[in-house]
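There are 2 protein chains.
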Amino acid sequence: MSTPEQPKTGKRRGRRPAGQDTRTALLDAARVEFSENGYEGATVRAIAARAGTDAAMVNHWFGSKESLFAQAVLQLPFNPQDVITELLDGDVDTLGERIIRRFVTAWDSTAGGTFPALVRSLASHDQAAIGLRDFMIANILDRIMSRIEADHPQLRATLCASQLIGIGMARYVAPFEPLGSADVETVAAAVAPTLQRYLTGDLGSVSSN
Amino acid sequence: MSTPEQPKTGKRRGRRPAGQDTRTALLDAARVEFSENGYEGATVRAIAARAGTDAAMVNHWFGSKESLFAQAVLQLPFNPQDVITELLDGDVDTLGERIIRRFVTAWDSTAGGTFPALVRSLASHDQAAIGLRDFMIANILDRIMSRIEADHPQLRATLCASQLIGIGMARYVAPFEPLGSADVETVAAAVAPTLQRYLTGDLGSVSSN
Numbered sequence: 001m002s003t004p005e006q007p008k009t010g011k012r013r014g015r016r017p018a019g020q021d022t023r024t025a026l027l028d029a030a031r032v033e034f035s036e037n038g039y040e041g042a043t044v045r046a047i048a049a050r051a052g053t054d055a056a057m058v059n060h061w062f063g064s065k066e067s068l069f070a071q072a073v074l075q076l077p078f079n080p081q082d083v084i085t086e087l088l089d090g091d092v093d094t095l096g097e098r099i100i101r102r103f104v105t106a107w108d109s110t111a112g113g114t115f116p117a118l119v120r121s122l123a124s125h126d127q128a129a130i131g132l133r134d135f136m137i138a139n140i141l142d143r144i145m146s147r148i149e150a151d152h153p154q155l156r157a158t159l160c161a162s163q164l165i166g167i168g169m170a171r172y173v174a175p176f177e178p179l180g181s182a183d184v185e186t187v188a189a190a191v192a193p194t195l196q197r198y199l200t201g202d203l204g205s206v207s208s209n
Numbered sequence: 001m002s003t004p005e006q007p008k009t010g011k012r013r014g015r016r017p018a019g020q021d022t023r024t025a026l027l028d029a030a031r032v033e034f035s036e037n038g039y040e041g042a043t044v045r046a047i048a049a050r051a052g053t054d055a056a057m058v059n060h061w062f063g064s065k066e067s068l069f070a071q072a073v074l075q076l077p078f079n080p081q082d083v084i085t086e087l088l089d090g091d092v093d094t095l096g097e098r099i100i101r102r103f104v105t106a107w108d109s110t111a112g113g114t115f116p117a118l119v120r121s122l123a124s125h126d127q128a129a130i131g132l133r134d135f136m137i138a139n140i141l142d143r144i145m146s147r148i149e150a151d152h153p154q155l156r157a158t159l160c161a162s163q164l165i166g167i168g169m170a171r172y173v174a175p176f177e178p179l180g181s182a183d184v185e186t187v188a189a190a191v192a193p194t195l196q197r198y199l200t201g202d203l204g205s206v207s208s209n
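Line order of the protein sequences matches chains H and Y. The end of the first sequence is residue 209 by the UniProt record's numbering, with every number in the run present. The end of the second sequence is residue 209 by the UniProt record's numbering, with every number in the run present.
Hints in this document: simulated from the structure, not taken from any laboratory. Ideal Cβ positions, reconstructed from N, Cα and C, are used throughout, including at glycine. Zero decoy hints are in this set.
Ranges between beta-carbon positions, derived for each pair:
| hint | chain 1 | residue 1 | chain 2 | residue 2 | range |
| --- | --- | --- | --- | --- | --- |
| 1 | Y | 91 | H | 112 | 33 to 41 Å |
| 2 | H | 40 | Y | 43 | 47 to 55 Å |
| 3 | Y | 89 | H | 109 | 41 to 49 Å |
Here are some chain Y residues pointing at chain H (derived, C-beta under 10 Å):
| hint | residue |
| --- | --- |
| 4 | 120 |
| 5 | 121 |
| 6 | 154 |
| 7 | 155 |
| 8 | 161 |
| 9 | 165 |
| 10 | 168 |
| 11 | 174 |
| 12 | 182 |
| 13 | 189 |
| 14 | 198 |
Far from chain H by the CB rule (all over 12 Å, computed), these chain Y residues:
| hint | residue |
| --- | --- |
| 15 | 66 |
| 16 | 102 |
| 17 | 105 |
| 18 | 149 |
Next up, chain H with everything else stripped away, as it sits in the complex (with noise of 0.2 Å):
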């Protein structure tokens, strides 16, 4: 959106552009910050600097610097603040079968939207990767293991991932049918064993290492 009314020289830092300007600067200096910092070095500071805007604006436009790097990076077609809210909010015996029909009805809605590319970066060991890393385990998986009364709760939290990504190969970037084109119901009642099993079941026997 243009704002013919703003200079279009001059030194903006310190000075807020308006509405989705801001908010375009913002995500743009993510970027570039997450990708030269990777996600625990960038700091909400160095990225409203960067926009020339102040930090209050991220949580303005964002939220949290996690919603921001999902937003600007990874584009993922949820908010993991408002998903983890949502997840948490009820039987921890049905978490399995709340976590895999909201990651496959999320990524249905975008016909798999980025998985694709985060997959790539995964395998490719970018800066990105890390962060997308780093990311899932500080802010979606310890977070739901946290509320968990559970051993081995990194295991635990691994595991749930390992089938996640599988899925989402299967559906988004190789699909293997039937289960690429398998509706959400069919996937979720397969799926939500396992998953409960990971988050709350007997894991057999776990070596300590």
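With chain H held as given, fit chain Y onto it using these hints.
Positioned in the frame of chain H, the structure of chain Y alone reads:
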């Protein structure tokens, strides 16, 4: 290996170079043929002709088209034919455990080997990816499922594939700890029940589509 006895120029077709030369020529020819025509389209006869030898040499060196594909293109750390024979030689109730053990042991032994390259290839929708998918479905999953009395064999096979690919992602592509470096016993104990349910257990409500 050089073969100074052989003329360095001239038409090789119908004339067989010695030993390892034939094997190498077949691998090179196979990469070209599979890349140009996909797994189904490439023929043993065309590969042999391109290598300047005959189809009997493919059987001599590789046993079959699928084994040649596995070694030339996928560079799998196992011979699919041997693996299938080994997996099917035993109680169907422990097949899930045998599959996950074999998968992790084989790929661990090569520290992930070509797994990341295969994933990149799947994510880029190239011809090798289509070949890989055809290959896995026709030569591994379908053969295993043909021995199992269960409804929805294709859905079961692709569910298994999704969990195996996810384990490969978490272990060999973008390690998610502690799953990334968990020992084989731990992974087998956690994942075997998942595969076993996908193979022979209750999938819940499957919509026919």
